Amino acid sequence: MSDARQDPIADNEVLVELKSIGKTYKKGKEVVPVLANLNLTIKRGDFLALMGPSGSGKTTLLNLLGGLDSPTSGELIINGEYLDKFSGSQLTEWRARNVGFIFQFYNLMPVLTAEKNVELPLLLTNLTSKERKLHVAAALELVGLADRAKHYPKELSGGQEQRVAIARALVSDPNLLLCDEPTGDLDRTTADEILALMQELNREQQKTIVMVTHDPRAADHAKKIIHLDKGTLVNDIAAGGHHKKSGTGGA
Amino acid sequence: MYYLFFIVKNLGRKKTRTILTILSILVAFLLFGLLRCLSVAFDAGAEIAGEDRLITINKVTLIQPLPYSYLSKVRALEGVENVTMANWFGGYYQEKKNEFPQFPVDGDTYFDIYKEMYTLPAEQMAAWKSDRVGVVIGRALAQKFNWKVGDRIPLVGMFAQKNGGTTWEFVIKGIYDAKEKRADTGMMFMHYDYFDKSRQFGEGTLGWLIIKVKNPAQADQVASAIDALFVNSFSETKTSSEKDFAKSFAKQFADIGLITTLILSAVFFTMLLVAGNTMAQSFRERIPEVAILKTLGFSDAMVMFLVLAEAFVVVLCGGAAGLAVAAKVIAILSDKFAANLPGLHFSMAILLDGLMAMLLLGLLTGIIPAIQGLRLSIVAALRRR
Amino acid sequence: MNFNSITQIFIITWMNLRNIPQRLGTSAVAVFGVACVVGVFTGVLSMAAGFERTMRNAGSPDTAIVLRAGATSEMSSGLDYETTQQVANLPGVAKDEVGTISSAELFVVVDIAKRATNSSANVPLRGVQPEAFKVRHTFKIIEGRNFEPGKNELIVGRGAQKQFANLDVGAKIKLGQTEWNVVGLFESGGGVAESELWCDAKILQAAYRRGNSFQTIRLQLTSPAALKELKSAIAADPKFNLDVQLESEYLAAQSEPLSKFIKIVGYPLAILMAIGAIFGAINTMYTSVSSRTREIATLRAIGFGALPVAISTLVESLVLSFLGGIIGSIVVYLVFNGYTVSTLNFASFSQVVFDFAVTPQLLIQGVIFAAVIGFIGGIFPAFRAAYLPVAAALREV
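Sequence order for the protein chains is F, Z and V. The numbering of the first sequence is this note's numbering, which starts it at 1 and goes up by one. The numbering of the second sequence is this note's numbering, which starts it at 252 and goes up by one. The numbering of the third sequence is this note's numbering, which starts it at 637 and goes up by one.
Everything labelled a hint here was simulated from the structure, so no lab data went into it. In this text the structure is predicted, and so the values were computed from the model without any measurement. Any given hint could turn out to be false.
[Unchecked claim] Okay, derived cross-link-like pairs now, DMTMM-like style, lysine to aspartate or glutamate, Cα gap no bigger than 25 Å in a straight line:
#1 348(Z) to 879(V)
#2 864(V) to 346(Z)
#3 875(V) to 892(V)
#4 348(Z) to 885(V)
#5 489(Z) to 747(V)
#6 867(V) to 346(Z)
#7 896(V) to 586(Z)
#8 347(Z) to 779(V)
#9 899(V) to 350(Z)
#10 347(Z) to 892(V)
#11 808(V) to 586(Z)
#12 448(Z) to 873(V)
#13 395(Z) to 382(Z)
#14 380(Z) to 363(Z)
#15 587(Z) to 294(Z)
#16 502(Z) to 688(V)
#17 489(Z) to 346(Z)
#18 465(Z) to 359(Z)
#19 750(V) to 478(Z)
#20 810(V) to 495(Z)
#21 366(Z) to 346(Z)
#22 896(V) to 359(Z)
#23 266(Z) to 30(F)
#24 750(V) to 495(Z)
#25 265(Z) to 131(F)
Build out the structure end to end from the sequences listed, making use of the hints.
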């Protein structure tokens, strides 16, 4: 993977490319490195599980991919766009078009019904209300909740809430689905259903999915598993050079 | 000490909120201090009025004069130690807005009756008595117009002189000081004899009598005796203690006084609600932590104490700062308005009132969260997370 | 994206407002706080407005009042009979078939108890000449009849009757050595005269040993412009030592000290209270933002902009304080408008009876005041909402 150096626009296969990504946080006067010299390529249609112990930088990496955060160093190219060069408001706009988020705690708006929740991202597009209705119906159909459209989140079970959240992530047809512990708050059976749904989306809708998880059984549903430890890809340690990681964190 | 540290740390976790809460309490107590001082100042006349002094006025109104002969008639009564008199002058200096109280009086008896309130140096008293057009003024008045002994002061009075003119010229012969802090030093006294002989109308009348009784316990009897003396004459009198007189005069404004009190209550109540709600809110957010404290073995009483103590710390910080600002503002205002509102000062009583209010507020805002803390079921609270 | 931003603002604001029931406590406190502030603000100013209205309503533009030169009020003025006769015949004074339209008047203060508190009050008693009713265009007997000249009869202003004891039509009242019959109740356009008792000037002169002297003359001018003519006529004659001015100006000057006092106390009070309410509003809105942290972060993750999030927070604050402002105004209007009080006006050393006047301007001012509180209270929390670190906020449980 580390030798994928060709022009990203030329390669239609590659969706995401991270080149020597570093990320540090300031904690008081101290600078804490979270990610160091990270290189990663994600192909279109991939289903990637991101694993690693707490504090290894999984969520940080996910936030970078979703444009919620910017890297301290390195290049982040998604679908041909250099995200590391984007301003805050550019990132906001980019998110609306390109990513769908799925969270551990669903994060549905309690005051909106399921269909209104799903419709939310479409309000950021130029679709008419009729078109939006069609998209919402299709997305809810896809997650198997067409009959629950008028329900409020508190009237749904955890699994159903997560399905609504998935529908919300899908509805604007993003390139990338990012999931942070999507089954972390669900029981085994429900979790398996949700994971199966994600597999189906990956297979049949060709959605590229990156999923952060602690759970090896969840990770097994993915096509590929990547391990992160102390801010670097474990598979990368040999190739990327172990000694570099602490020294070049901010470079 | 550890607990104080713990409380301060807790307050520090949402600094903005704590600061805003303290500030709103500060504002409430600032208003409390200012308005209490103001209302006390309005009643100050009644508070420092002597027990042993009576005021006799015309029964029709204060403004209606009494015959001068009443002075000696009252002096002859039993139980009367001394009598003096005063009249309105009602003048202004240069411009109509420069009105201040001026009274033609009998200098010797007047300053004798009020000797525990005002002091005038003996040589100034002598100088005043030797000059027909001499006047003495209070310290605050002297400061207001920057007057000093020897200045000539023309006043336009409501009484015309014999020649029809209304401008009276006086010379300042002395400046009196207050012995009692709230006594009024915004007044001017001129010689009644000179005033009475010079005025066009009303010669031989006086405004009101001030009587000092021998025994304060007999004040009521003396008052009745005075009024009985003049019953059915053309000028009937109404005699009351100086305190009652001042009170009833203050009551002429009573409606507005009541409204001011209502406003203060509304202000205070609002601020309490705002601050109390915020404190209750911040406690609700910490319920899981309180549960943990209880799990660790803190007693119910201890938890209650911690919560109440936190409320008290916030209220005392805000309240003390508010009263301090109020005291400072009053100090500045009382210099400025010494001539208009002599009783304006920040007293110990107001400070104590304020402290009481703080304790009450601390209790009211802390009690609901404290009881919640007391009743908290650890299991339920931990699950809330 | 412009169209979009506006849609976004609507969506988020709507969700915020829908969410208020879950934060009912703090929101209600904010509303209540603003309502109280606006209530006190409007209430105090309506007192000043009512007082000014009473003092000014009386003066019509063609009525002049003559006092002795230098007199600060009717109380301190004095005019002898000859002067009043001469002044009435000067140029500029209106005439009708009976003679000049002028009324020489004298003014004493009598001690009558207040109805509500039974405490003594300085009530103005005015002796007037027959022409007084022509000089005052708005004068009207509303109960009983007018007094008959030469008799100990009183007519009572509407405000005085309401505020002071024992002044109903038919009552007898003893003031000094004289017993009076109350024979009528009058109104005078809501002006200060309604705080007064009126009687025949001659009777009052006798009762108070005033000889044949008066204190003021009120005259009807041929036109408002005739004041100049009258002024120069008075100035030209060295006999006269008089001030002449429009009655409306005289009354405005009389009302100034008290209404100034009310405002001097009222404005700082309102501002201080507003500062307190702003702290309360800021706290409420910070609470609102913090309770919606995850919601805001989710919206931001989905792609909603920072500005719409900020504006929606501001709008929420404005809506809450508007609500408070309107509640405060309505309560003040219902409770205070028309509420009758009286106080001692130092300028005349007598009681003035007046109604609180909650005018439309005051109501508008109150609501604007509320909006200012809402704006300042919302702006900082709005910034916080906009700058919420999305990534970190998403992890908050």
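Hint check results:
no. : hint             : verdict
1   : 348(Z) to 879(V) : 17 Å, holds
2   : 864(V) to 346(Z) : 23 Å, holds
3   : 875(V) to 892(V) : 31 Å, violated
4   : 348(Z) to 885(V) : 15 Å, holds
5   : 489(Z) to 747(V) : 11 Å, holds
6   : 867(V) to 346(Z) : 21 Å, holds
7   : 896(V) to 586(Z) : 20 Å, holds
8   : 347(Z) to 779(V) : 39 Å, violated
9   : 899(V) to 350(Z) : 20 Å, holds
10  : 347(Z) to 892(V) : 12 Å, holds
11  : 808(V) to 586(Z) : 49 Å, violated
12  : 448(Z) to 873(V) : 29 Å, violated
13  : 395(Z) to 382(Z) : 24 Å, holds
14  : 380(Z) to 363(Z) : 14 Å, holds
15  : 587(Z) to 294(Z) : 19 Å, holds
16  : 502(Z) to 688(V) : 22 Å, holds
17  : 489(Z) to 346(Z) : 35 Å, violated
18  : 465(Z) to 359(Z) : 18 Å, holds
19  : 750(V) to 478(Z) : 23 Å, holds
20  : 810(V) to 495(Z) : 23 Å, holds
21  : 366(Z) to 346(Z) : 33 Å, violated
22  : 896(V) to 359(Z) : 39 Å, violated
23  : 266(Z) to 30(F)  : 23 Å, holds
24  : 750(V) to 495(Z) : 16 Å, holds
25  : 265(Z) to 131(F) : 45 Å, violated
Hints 3, 8, 11, 12, 17, 21, 22 and 25 from the list above are not met by this structure, while the remaining hints are.
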